[in-house]
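Colleague: Given next are the chains, with one letter for each unit.
There are 2 protein chains.
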Amino acid sequence: MDTLKTKIDFIIEIDKIKKIFRQTRLFDNSRHENDAEHSWHLAVMTIVLADYADRSIDVLKTVKMVLIHDLVEIDAGDTFLYDKNKQDKKNKELKAAERIFGMLPEETGSEFHALWQEFEERETPEAQFAAALDRMEPLMQNCLTNGFAWKKHGIKVHQVKEANRHIENGSRELWNFAQKMIDDAVKKGYLEK
Amino acid sequence: MDTLKTKIDFIIEIDKIKKIFRQTRLFDNSRHENDAEHSWHLAVMTIVLADYADRSIDVLKTVKMVLIHDLVEIDAGDTFLYDKNKQDKKNKELKAAERIFGMLPEETGSEFHALWQEFEERETPEAQFAAALDRMEPLMQNCLTNGFAWKKHGIKVHQVKEANRHIENGSRELWNFAQKMIDDAVKKGYLEK
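Read top to bottom, the protein sequences are chains Y and D.
Counting along the first sequence from 1, when you hit position 115 you're at 115 in the numbering used here, and nothing is skipped either side.
Position in the second sequence counted from 1, then plus 193, gives you the numbering used here.
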């Protein structure tokens with residue numbers, strides 16, 4: 001097996017993530033964001049905000065995790081945070097992980113698959129911090145776009161607090177900041193009580 | 194100074210990179226790629242291809258470098274690889290680096306500014322490997338889109354070999370692979386002799 005060619009084929013395949021669009025929009029509200037842009041933003045956020053993790057994190061591991069956490073959406077599509085059908089999503093993503101990480105040589109493929117599972121399980125310090133950032137970015141996007149995705153889907157403040165609460169498991173300071181953003185969004189009328 | 198607020202403001206500012214479009218197109222030729230997508234792709238490539246660096250690299254440092262290497266284009270814009278006016282570009286980018294990295298608290302801002310300079314100078318193992326990937330991705334894009342940007346700008350094979358030659362400084366094996374891609378592009382008529 002030509003290892004380099006195999007890796008290049010994977011690099012070509014994952015280009016498709018640039019066409020998976022999310023519910024939230026760029027901070028200037030000009031258009032929806034895609035998964036590649038979102039993953040890039042989380043990676044930079046990991047580096048800039050690492051000091052705010054409550055438990056010490058391996059920064060490289062966390063960056064790897066956020067860079068690849070949405071690759072399964074190439075096959076499974078984007079699921080809105082407030083969607084109900086979580087089991088169907090889970091099954092699709094498991095199959096997607098097998099196929100996509102399975103394109104890589106064994107060592108790298110297993111590493112990526114394990115990182116993705118760790119992210120999904122949200123138990124380690126790295127996964128909890130990554131999950132916190134994965135909530136912070138769309139929260140900021142909703143606040144800066146007058147509540148675009150919230151209004152579109154009729155989301156209320158108690159749902160936002162519930163769905164974003166696990167930011168606290170990664171960073172109490174980020175959760176404090178997030179709560180202020182949510183309260184401010186309610187005051188401005190971007191989010192219904 | 195509220196450090197967290199300052200960092201969040203930086204995170205909001207750099208969203209603008211998602212609107213800086215490059216000369217090359219997605220692998221499926223559907224549209225041009227933007228700098229956030231490009232930076233995400235280089236970060237994943239760094240992780241997947243790190244073993245191909247001829248000199249040992251610090252992977253986290255290299256990933257940081259590629260994630261932030263194009264932030265200056267928020268102010269300076271994208272410059273096509275084969276453009277002539279390099280001095281004007283350089284001056285604009287220096288000013289942009291001052292402003293954009295200057296938004297961060299001193300420690301992180303200095304680190305990012307130094308990483309960007311190191312990338313530009315292409316002397317360390319990390320910068321040479323990052324620069325190799327920064328050439329590999331658009332080369333692959335041109336090869337997979339029937340030479341889109343090459344044809345548009347009338348670029349010839351000697352220019353492509355000259356502009357991409359420094360891939361060899363980061364990885365001889367990647368340069369061998371790249372040369373085969375270029376030869377294949379000529380054979381298929383995507384690139385003129």
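I should point out that these hints are in silico values taken from the structure, not numbers from a laboratory.
Incorrect hints may have been included.
What the hints assert, rightly or not - Taking lysine to aspartate or glutamate pairs in the DMTMM-like style, the calculated list, with each CA pair at most 20 Å apart, reads:
id, chain 1, residue 1, chain 2, residue 2
1, D, 198, Y, 183
2, D, 198, Y, 51
3, D, 198, Y, 111
4, Y, 61, D, 251
5, Y, 7, Y, 78
6, D, 200, Y, 51
7, Y, 61, D, 244
Claimed, not checked - Here are some, though not all, of the chain D residues that point toward chain Y, as calculated from beta-carbon distances under 10 Å:
id, residue
8, 212
9, 226
10, 245
11, 248
12, 375
13, 376
14, 379
No experiment lies behind these values; they were computed from the predicted model shown.
The beta-carbon is built from N, C-alpha and C at its ideal position, and this holds for glycine as well.
Colleague: A separate judgement is required for each hint: does it hold in the structure or not?
Modeller: Here is how each hint holds up against the structure:
1. 198/D <-> 183/Y: Holds - the C-alpha atoms of residue 183/Y and residue 198/D are around 16 Å apart, at most 20 Å.
2. 198/D <-> 51/Y: OK: residue 198/D and residue 51/Y at ~14 Å, within 20 Å.
3. 198/D <-> 111/Y: Violated. Residue 198/D to residue 111/Y sits at ~34 Å, over the 20 Å cutoff.
4. 61/Y <-> 251/D: holds, 13 Å
5. 7/Y <-> 78/Y: violated, 25 Å
6. 200/D <-> 51/Y: This hinted pair holds, its Cα atoms lying about 11 Å apart.
7. 61/Y <-> 244/D: Given that 20 Å is the threshold and the Cα spacing comes to 17 Å, the pair holds.
8. 212: With Cβ-Cβ at 7 Å, under 10 Å, it holds.
9. 226: Cβ of residue 226/D sits 7 Å from chain Y, so the hint holds.
10. 245: The hint holds - residue 245/D has a Cβ within 10 Å of chain Y, the shortest such distance being about 7 Å.
11. 248: With a closest approach of 18 Å, the residue 248/D hint is violated.
12. 375: violated, 14 Å
13. 376: Hint on residue 376/D: violated, closest Cβ of chain Y at ~16 Å, above 10 Å.
14. 379: Violated. Min distance 19 Å.
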